[in-house]
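Can you build the whole structure from these sequences, using the hints too?
If you read the protein sequences in the order shown, they are chains D and X. Numbered by this note's numbering, the letters in the first sequence go through residues 1 to 110 in order. Numbered by this note's numbering, the letters in the second sequence go through residues 1 to 173 in order.
No lab work stands behind these hints: they were computed from the structure. All values derive from a computational prediction rather than experimental measurement. Careful, some of the hints might be misleading.
Said to hold, decoys possible - Simulated restraints, written as ranges between beta carbons of each label pair:
id	chain 1	residue 1	chain 2	residue 2	range
1	D	E104	X	Q136	48 to 54 Å
2	X	L148	D	N92	28 to 34 Å
3	D	R95	X	L60	27 to 33 Å
4	X	E151	D	E104	38 to 44 Å
5	D	K109	X	Q144	45 to 51 Å
Glycine included, each C-beta is placed from N, C-alpha and C at the ideal position.
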Amino acid sequence: MPPGQLPATAPVQWYLIVSAALFCIGLFGMMTRRNAIAMLMSIELMLNAANINLVAFSGYLASRTLAGQIFALFVIAIAAAEAAVGLAIVINVYRTLRHVNADEVNLMKW
Amino acid sequence: MTGYQVAFIAAAAVTLVSAALVVTVPNILRAALFLAFAFLGVAALYVLANAEFLAAMQVLIYVGAITVLIMFAIVLTQQLMGARIRQTSRVRAMLAALPVAALMFAFLMKSFVKPFESAGGYVSGQPAAAGPGTLQEIARLLLQPYVLPFELASFILLAALVGAIVIAKEDRD
Chain D
1 MPPGQLPATA PVQWYLIVSA ALFCIGLFGM MTRRNAIAML MSIELMLNAA NINLVAFSGY
61 LASRTLAGQI FALFVIAIAA AEAAVGLAIV INVYRTLRHV NADEVNLMKW
Chain X
1 MTGYQVAFIA AAAVTLVSAA LVVTVPNILR AALFLAFAFL GVAALYVLAN AEFLAAMQVL
61 IYVGAITVLI MFAIVLTQQL MGARIRQTSR VRAMLAALPV AALMFAFLMK SFVKPFESAG
121 GYVSGQPAAA GPGTLQEIAR LLLQPYVLPF ELASFILLAA LVGAIVIAKE DRD
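Here is the structure:
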């Protein structure tokens, strides 16, 4: 590419900035939400932010390896398992306490 | 500004705006809907990074399955149209969380984004071309060098499946 000409694609930093912003939004939600389901949604946002990083590096690394995409696939699989178990726990907590506010679930606290 | 960059900015804007709405709207059902849009925006980013297979998986698993799962959980736990119930904590907590998140963002920018401005040897400026062999390459990687984690992931999914059923099952006795 001759110097001074815009590349046809975006630089890798753009992906990193979007990913960092998405992670921080998820972090903010994690800290402010009281509803356990909303907290799970924030966690999914943060996992997606990490995946964006992995996929971006997978495409931009000079070695042209797809290992980053494989890693992202594993993250998606584990996130699905985490969401299923997490929501099952939320439903169970709701049966016992009739609410799902994470800051009021203190049955096992002394 | 090339077409690629316009598409990237559009996808990023959809993702970030939807994500911001997910964590701020009071109605949790709407938050779940915006979550689906955020996942779609991430899928668009995957397409732009030449990861078409991952984009398809993102739409199938996140938009298709996880969002529906979350919707079900909301419908089962919010005495429906608990829409009016406040889901976020007090304004004071939000004011406290905002600087923490901003600090985290500044840290990420400084430690992760900045180094790549001059890391010419490691990162080439262009995404790898998505040849017709990408899917074959993913399959080869999954079934040859990464076959053990692959099998472990399926085992974990099975365990999560059984665990979710056992935990959510109602005790009738």
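Hint check results:
no. : hint                        : in the structure
1   : E104/D x Q136/X: 48 to 54 Å : holds, 52 Å
2   : L148/X x N92/D: 28 to 34 Å  : holds, 33 Å
3   : R95/D x L60/X: 27 to 33 Å   : holds, 30 Å
4   : E151/X x E104/D: 38 to 44 Å : holds, 40 Å
5   : K109/D x Q144/X: 45 to 51 Å : holds, 48 Å
In this structure, every one of the numbered hints holds.
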